[in-house]
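From the two separate chains plus the hints, produce the assembled complex.
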Amino acid sequence: MTELWQQILSGLGTGFIYASLALAICLVFQGTGAVNFAQGVMATASAYLAWSLVSNGMDFWLALVLVLAASFVLGALIERVFIRPVEGSSPLVMLTVTVALLIGLQAVVALIWGDDPQQLGSPFGGGSVEVLGARLTAQQLGAAAVVLVTLLLAGAFFRFTTLGLRMRAAAQNPASARLLSIDVGRMLALGWGLAATVGAVAGVIFAPTLGVSPAMMDSSLLLALAAATLGGFESRVGAVVGGLVLGVAANLASRYIPGIGSDLQLVVPFAVIFLVLLLRPQGLFGRASSVRA
Amino acid sequence: MTLLQLTGVRAAYDGVQALHGMDLAVTEGEMVALLGANGAGKTTTLRAVSGTVSVEGAVLLDGQDVTGWAAHRVARLGVGHVPEGRGTFVDLTVEENLTLGALARAKRLRGQVKEDLAAVHELFPILREFSRRQAGALSGGQQQMLAIARAILGRPRLLLVDEPSLGLAPMVTTEILRSLRVLQAEWQLAVLLAEQNARRALAVVDRAYVLESGRVVASGSAAELRENTAVQDAYLGAEQTGRPA
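Residue numbers (UniProt numbering), protein chains in the order written: chain H, 1 to 293; chain E, 1 to 245.
Extracted from the complex, chain E is given alone in its bound form (with noise of 0.2 Å):
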């Protein structure tokens, strides 16, 4: 079942021109990779699904016109996004951010949180111990976990999250993707994920798609596009280490 579908979405900025018609979908319970060098729409295309950036053309989210929503109602609808910057409320504690989270999820699932929780302290075992600092004294990486654990702790079926690698070692961005690998299966949860590291990214994600200039430039399996010999010289030739964080 296809569970996100963008049919030829355009989006700008002040003008100037981000998305020039992207074409993407995603299926229930897969892991998709958005891969591509700085200002080819990856940020945007996340910003798209989620209501916050305003776009022509169409989003489907499990078959409903979702375009020009509110992001508080697309979010509604089950759709977690970890954004640019990460987003933390840095003055409230890890432990309010965390509830925060889980006060987004559907009222069906309402009554899961603490095996929910205990969950994801087990992935990011930092958080628990850190549950009454504020949000804004921890580390980059331990931002960007509690941005992600946040995301998850909302139950959604779709999970946007925007270059995890930022600001991460890249032992700790490996074990991220794995642990969100492990939630896609125990919890049904879909993936759309924003990385300038395709080599990392592929390790991954079940499928991937290209983008260059606000366009899908090449899209196929995980595997199909590490042996792509376009795709490999333009962002797996040299190891590519991000920018700095």
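Only chain H is shown next, with the shape it has when bound in the complex (with noise of 0.2 Å):
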């Protein structure tokens, strides 16, 4: 019993890499009407541009702060030059767009920092706590409460500002959102910038864990591709909470099924993908009607 307490916890801490980048996922979608293959690999350069100010001798919560930042400018930036030419297009197009954006990105990361694997350390040093009968090392306990942190400043973003609402508007109806007076093209920009600065948090925050290297994204991108289809691409709420799912059941799979093991705990999200489509494509949050063709 508490050993499956055991992992159904740190699953949980998992879940929230996959419910971070997930909802940058749909952010983007939402937005766009891209799904941004890419999304993992701008949190690997955000990871490693925190790893070089940390290594340089900055604090790592300042280091975290300007990555952030760097991170949302790189976001908005990357819109601007590779999507508003192709706005609009078939979904084929964007599928190609953000898939050359990630072979690109991953290059350029390889580029500048290398192919060797780094270490960045915990900002939450290296205890552990017990929680309920489990135990749990601090930077778990840290890094999921970081995540859920900004998970919760950004639904409280959409919910109760004017600027949320302002963007929310443009992703749903950008023709009467422009009547409006709303520059829908900034509001997509920003979406990107915002999108980018939450998978920033998750790749940075998780990077001790991780470890910094140019594909220490790649497994937590297919989860959190298959969380945003799990919860529905179009609900930021769903996103999240497939995330979550997710982690868990990563997580309990690879530990209680038989020849499944952490190698192939890749297999869990493909099974979720497949059996989402085939029974409800929309995802468990989404409606039928904003499925999009």
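Warning: the hint list may mix true and false statements.
Subject to a maximum C-alpha distance of 20 Å in a straight line, what follows is the list of computed SDA-like cross-link-like pairs (lysine to any residue) [stated by the list, open to error]:
#	chain 1	residue 1	chain 2	residue 2
1	E	K107	H	D183
2	E	K107	E	L77
3	E	K107	H	L163
4	E	K114	E	R128
5	E	K114	H	T162
6	E	K114	H	T161
Treat the hints as calculated values from the structure; they're not laboratory data.
Only a predicted model underlies this, so the values are computations on that prediction, with no experimental measurement involved.
So, in structure tokens, the structure goes:
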């Protein structure tokens, strides 16, 4: 029983990585209708940037703040330069652009920082805490808390601020938004910036556990895509819930299903994507009408 | 003072010409109708003003040349547009839709949102009752009211309204047109109304233009056009019922 509890909690911990990446993917999809395959490698770039700053002696938290600002700018810039020219194109064109971004950015990261994995020390120290009978490292707990706060802030931003409302309007009906003097292009760039920032939080704060390498986010991206599929690409809450569910599911599968192990964990997201597309293509939180053709 | 002036405006969709040199003007605080059958160019004329179709010729707003401007910049000059098909944000609540309308207004009018919202709720009480509901859950007529309410909360100087009678009972349409008339006086609002139902439109507007194949073929005061036999034959001869909603 304790063992199961332990597995569930640590699954939830990693689930926060998938939840934030899934939220980022979902923000971009709502705005531009593109599934951003480069969302993971954008977070990787953020993690590397943080590693550079910290290994040059900067305080972790100051580095985090600077990296988040830089990631926001980078995200918005990517939208302006690479997405704007193909805005409104078919899903296939969007797909090609974001896959090209994935490959290109991964190359840029390897060019700047090399292929060797690096270590980023945990800002929470090496201690561990007992939570209701399960033992969690301070890093696991702290990282989850930081991401949770980020997700809540993002939710509050969209729910309670007028800028958030404008962004939702621009995503949902750009033509009408323009008639209400909303600069839709700026909102889309903001959306990409925000998505990059949310992804960067996960990339940097989980870097101590994941290790900093060009491929550090690869499997997380797959799980995040499964999470967004499960929750529904149109639902921000769905993406987050999907991420947490997948974190737990993947962890339990690798522990309890014989033969899966940690190497074959990726079977879980593929199984989830397959089942959701088969049974409920709009996802758990999506509405049938909002499925894009 | 002339608020809106179109001179030789031409527009096309995918190479098919929809406007062949439109000339028209709207004075401040005036209510003007665009009459004509389906495909006469009423919707395109409104879109030429709000910048949602690309045009040749000249669109002057309060003396400023806005030809080729992006739609959101034209809107900032005080142009509200209730588009064809209403364009409500169906996943947002009625309240959020109205807030977005109020956010579109000029800064100097931001302080009056509360009073204006109360006025709008008085015109359309159903919007207060359903304020927490998703706009997509409203009936067609209620969404039409929401679209108009949202646009006027932006406190435009020029309101473009595309076929408000679509999907509405005749009584409700008349009521909405009358309420626009009230606001027009109180808020110094000019209205350019595209309407297929000429008889109903001429009952409320000051002036009208009759369009045919993307051109103005007749114009005058509402009274003159009601008397004009050619217009009567073409547009008022039989009671127009409009398209079924």
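A quick look at each hint next to the structure:
Straight-line distance between C-alpha atoms of K107 (chain E) and D183 (chain H) comes to about 16 Å, which keeps the hinted pair within the 20 Å bound. For the suggested pair K107 (chain E) and L77 (chain E), the alpha carbons sit about 12 Å apart, so the restraint of at most 20 Å is met. Proximity of K107 (chain E) to L163 (chain H) is assessed by CA-CA distance (about 16 Å); at most 20 Å being required, the pair is judged to hold. Among the hinted pairs, K114 (chain E) with R128 (chain E) is consistent with the structure: their alpha-carbon atoms are about 13 Å apart, no more than 20 Å.
Taking the CA atoms of K114 (chain E) and T162 (chain H), the gap is about 16 Å. The hint holds against a cut of 20 Å. A distance of roughly 18 Å separates the Cα atoms of K114 (chain E) and T161 (chain H); the hinted pair therefore holds under the 20 Å criterion.
Checked against the numbered hints above, the structure violates none of them.
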